[in-house]
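**Student:** Make a model of the complete structure from these sequences and hints.
Numbering (my numbering), first residue to last: 7 to 250.
Calculated from the structure, these hints are not laboratory results. Since the model is a prediction, treat every value here as computed from it, not as a measurement. All residues carry an ideal CB built from backbone N, CA and C; glycine is no exception. Treat the hints loosely; a few may be bogus.
Pairwise CB distance ranges (calculated) [to be verified]:
1) 26 to 49: 23 to 33 Å
2) 237 to 185: 20 to 30 Å
3) 28 to 160: 43 to 53 Å
4) 73 to 154: 43 to 53 Å
5) 167 to 38: 33 to 43 Å
6) 49 to 113: 50 to 60 Å
7) 10 to 71: 32 to 42 Å
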Amino acid sequence: MQSRMPRYHQIAQALRTRIGKGHPAPGRPLETQRRLAREFGVTLMTLRQALDLLEREGLITRRHGLGTFVASPTVEYDILHLRAFAGDLSARGERVVTRFLRSHVTTADRWAARALGLDGRRQAFVLERLRLVDGRPIGFQASYLPAAIGADLAHVDLAATPLRDALAFKLGIDIAAAHETVSAVSLERRAARELGCRPGMPAFRSDRVSVQAGGAPVVYDRVFIPGDRFRITRQLDYSSTLAS
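**Tutor:** Okay, structure coming up:
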């Protein structure tokens, strides 16, 4: 007896089973849509309906100009213990790699200028990096510093030296505290290009201002993380008094 299940649901189930068995593995590409359509004997429209279903379920992800990939597990992060992003993930056993993109001097935008208390020409030194977890881009980070500090950092190999280490050991500047805000935004074009995502997709944006002892701002970090690669969690503990 022929199944009444729509054909695209059947295809989605077949692909769901393959993915569950690790074929392809997380982060690896699916066959092209034309090959899959030929394999299942359907039109591209029917095949795309099946892929749309799997994308809504979070099993696959489409990367602009690259193709369709099996989704990797999302990174879970406890917002109550938000510290150094890469350091915290490494401590949890994640394989984190930081890729240096570029550094340059530019006119700070309004967010950076306000965070660092810049006036006049508003010149800032900017360091751009890409964070990868298990080889997958997870965050695009731009770190802004006052131009005077940046002039000293220009002599440091920032591709090999973490920024915080460079500040502490090369310049004698220790970060004492930071204030961070996490917002839901649409992914900006530059960040999307570096992360291999389509511009405008839902994303997290972290704005962090790090200060030295006495409260003077040193670094303003702006980080973009695609929404399908990151999940914020909280552990809530209720006292017996509140629970009763």
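**Student:** Could you tell me whether the CB distance from residue 167 to residue 38 stays inside 33 to 43 Å?
**Tutor:** Given range 33 to 43 Å: holds, Cβ gap about 42 Å.
**Student:** Against the range 50 to 60 Å, how does the distance between the Cβ atoms of residue 49 and residue 113 compare: consistent or not?
**Tutor:** For residue 49 and residue 113 the Cβ distance comes to about 52 Å; the hint holds.
**Student:** Taking the CB of residue 73 and the CB of residue 154, does the distance hold inside 43 to 53 Å?
**Tutor:** Cβ of residue 73 to Cβ of residue 154: about 45 Å, so the range 43 to 53 Å holds.
**Student:** Starting from the range 43 to 53 Å, see whether the pair residue 28 and residue 160 falls in it by beta-carbon distance.
**Tutor:** Given a distance of about 46 Å, which is inside 43 to 53 Å, the answer is holds.
**Student:** So the hint says 23 to 33 Å: do the beta-carbon atoms of residue 26 and residue 49 match that?
**Tutor:** holds (26 Å)
**Student:** Using the beta carbons of residue 10 and residue 71, state whether their distance is inside 32 to 42 Å or not.
**Tutor:** The hint (32 to 42 Å, Cβ to Cβ) holds, given that residue 10 and residue 71 are roughly 38 Å apart.
**Student:** Within 20 to 30 Å: is that where the Cβ-Cβ distance between residue 237 and residue 185 falls?
**Tutor:** holds (22 Å)
Comparing the model with each earlier hint shows no violations; every hint is respected.
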